[in-house]
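Visitor: For reference, the chains in residue letters:
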Amino acid sequence: MQLSIFFIRAAVILVFIFILTGYGAAWGAVGCDLNDPDRDVARLFPESTGYKTIYTSVSQKGGDRLLTKIEKRLGDKFHGIYETIDVPYTIYEIFAKKKVGYIHGVNQKGQFGGIQVFLVLDLDGRIKAFYIQKITSQYAGKLRDAKFGKQFVGLTLKDFDHYDVLSGKASGKVEAIKNPAPQAEADFRAALRATKKNLILMDEFVYSQQSASSNPGVP
Amino acid sequence: MCKALLICLVFLCFAGAAQASDHLLYFEAQGIAGYSSELGKPIYFSMNPDAEMQKPSLGFDYVRRFSGETGDWATLAFQGRLALAINEGKYKFEPQAYNAYFKIKTPGPYVWVGHNRPAFGLSSYFDSHGLLLRTLAIQGFGYDRDWGTGVYKDFSWGDISASATTGSGMPLYFNKNSYMTAARASYGVLSRDNMNIGFSLGYGNTLDTMGYKLREPEPRRMSLVGADFTLLRNNLEHRFDVLAGRWLGTDTHAFFYRFGINMGEEGRVKIEAQPTYWKTGDEKNYQLSLCFSVLATSDLTVRTAYTYDNNARDNRVVLQLYYYMRI
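For the record, the sequence lines run as chains D and A.
Under this note's numbering, the first residue of the first sequence is numbered 22, with each subsequent residue one higher.
Under this note's numbering, the first residue of the second sequence is numbered 56, with each subsequent residue one higher.
Since the hints were derived computationally from the structure, they do not count as laboratory data.
By construction, the Cβ of each residue, glycine as well, lies at the ideal position given by its N, Cα and C atoms.
Be aware that a few hints might be false.
[Claimed, not checked] Okay, derived cross-link-like pairs now, DSBU-like style, lysine-lysine, Cα gap no bigger than 30 angstroms in a straight line:
id: 1; chain 1: D; residue 1: Lys179; chain 2: D; residue 2: Lys120
id: 2; chain 1: D; residue 1: Lys163; chain 2: D; residue 2: Lys119
id: 3; chain 1: D; residue 1: Lys119; chain 2: D; residue 2: Lys73
id: 4; chain 1: A; residue 1: Lys208; chain 2: D; residue 2: Lys171
id: 5; chain 1: A; residue 1: Lys325; chain 2: D; residue 2: Lys118
id: 6; chain 1: D; residue 1: Lys163; chain 2: A; residue 2: Lys325
[To be verified] Here are some of the chain D residues that sit facing chain A, going by a computed Cβ distance under 8 angstroms:
id: 7; residue: Asp57
id: 8; residue: Arg60
id: 9; residue: Thr74
id: 10; residue: Lys98
id: 11; residue: Gly101
id: 12; residue: Gln231
Please model the complete structure; the sequences and the hints are all you need to start from.
Guide: So this is what it looks like as structure tokens:
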């Protein structure tokens with residue numbers, strides 16, 4: 022009887038919460054935030070004066086239809102706990118008096134659990150900086166080295182169009198990215214897949230929305 | 056405590072009117088069941104029926120960011136549970152408030168006000184909210200949360216934090232003689248360097264509480280020094296925490312080491328071993344724990360923990376089903 026009362030009370034509270042929030046979608050999975058946004062934004066975007074945090078997800082932005090589109094662009098299915106449809110993505114809009122760019126991170130399965138890859142992007146979707154926030158491999162230092170990250174500067178989603186995340190075959194500027202730690206090939210490939218995924222997500226969440234709003238007549 | 060939870064829900068009313076993009080809301084549910092050889096019967100708590108964690112419960116976790124024209128300037132956090140304490144055939148419902156703070160960004164450090172982690176030891180940054188194994192604070196040496204205010208600032212080499220709180224832990228008691236001040240400085244950025252080493256100082260007169268139960272009405276002297284160290288390498292985790300000085304008016308020193316292995320393609324399986332030792336006054340004790348965790352889905356974790364307590368000669372096994380889902 023006591024247990025029944027407990028669960029009835031709990032159910033009432035839950036209904037109350039659901040009504041308050043007004044959201045019907047049930048989400049899960051772990052997102053990817055900057056551990057210290059103040060320090061990291063200042064380091065990655067030295068000219069910034071502030072930032073705004075925005076949460077979104079594939080489920081919120083377009084559901085299964087958007088997921089299918091993203092998977093097609095990526096060249097691989099989303100799988101595992103880091104790539105569910107309801108993963109919350111955190112986008113940092115960066116300001117230097119006005120908006121000057123974005124920082125966005127994604128989780129990716131690495132050799133030893135998940136790695137977190139952040140990209141700093143300008144308003145045109147060009148990579149200004151590449152940053153691996155979380156990686157516990159003993160070769161983490163080499164993949165976090167500035168020399169490795171510099172290879173990504175200036176690249177865009179277009180450069181990753183022909184990068185095959187499944188086979189690892191690349192061409193053009195992506196092929197020129199060298200692995201500084203051959204013993205950590207799995208994490209190197211994970212970093213490339215995460216970068217392509219990150220760029221596709223930002224294109225779907227932000228850049229294509231901006232194009233649509235600036236060209237209202239274009240289907 | 057019903058008042059605290061009610062306040063949380065009232066704030067949630069206003070928070071619910073915000074746009075979806077500036078806040079996160081999670082639903083939490085957990086089931087706890089086990090067996091204690093000392094008690095000779097099934098138990099429905101992981102540590103003690105009076106301790107706040109872990110018990111069967113339903114809860115929520117809410118974080119909201121406030122932004123202006125130049126960006127984020129504050130964060131509001133609420134984390135609450137309605138727990139069920141089952142002991143000797145009696146049932147008691149216990150509303151609990153964990154995170155309940157407002158944090159403001161200033162030109163200098165971040166400043167928080169409310170219920171948050173005091174700036175002492177490993178528990179000042181290591182989140183045990185859903186875990187079975189206990190840190191020193193959860194074991195009773197310090198508080199996992201306390202009411203008051205604090206500041207912290209991150210640097211490129213590490214961080215510094217300080218707090219001034221009521222010295223009461225989970226419940227909000229205003230006793231003119233009870234307070235706790237703490238400060239911690241650490242070297243290393245865990246997410247970047249995979250290591251962090253911290254040194255802590257704590258001073259005050261603190262109340263002997265376990266969960267929401269006040270065990271002694273008068274506060275007692277606290278003066279502690281502590282050190283903590285975390286190292287992550289490949290799929291291995293090492294966490295150390297040690298403190299010494301006076302706690303609740305008694306000479307105390309305590310030590311814990313937690314070793315963890317992450318296994319499986321996404322680190323879904325975790326095995327942890329933890330020895331803990333303490334001496335308080337003339338009483339010495341140690342515990343040995345082993346915990347096996349599986350992330351069954353992205354929302355559900357199943358944990359089984361075995362703990363041996365030397366003084367109680369207790370062999371305890373606890374099973375936890377932990378569900379955490381964004382809504």
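Visitor: Each hint: holds or not?
Guide: So, going through the hints one by one against the coordinates:
1. D/Lys179 <-> D/Lys120: holds, 23 angstroms
2. D/Lys163 <-> D/Lys119: Outside the cut-off at roughly 35 angstroms; violated.
3. D/Lys119 <-> D/Lys73: holds, 12 angstroms
4. A/Lys208 <-> D/Lys171: With Cα atoms ~29 angstroms apart, A/Lys208 and D/Lys171 stay inside 30 angstroms; holds.
5. A/Lys325 <-> D/Lys118: violated, 46 angstroms
6. D/Lys163 <-> A/Lys325: holds, 26 angstroms
7. Asp57: This interface hint holds because 4 angstroms falls under the 8 angstroms limit.
8. Arg60: holds, 5 angstroms
9. Thr74: Interface hint status for D/Thr74: holds (5 angstroms vs cutoff 8 angstroms).
10. Lys98: Constraint on D/Lys98 not satisfied, violated at 15 angstroms.
11. Gly101: holds, 5 angstroms
12. Gln231: violated, 16 angstroms
Consistency with the previously given hints fails for numbers 2, 5, 10, 12, ordered from lowest to highest.
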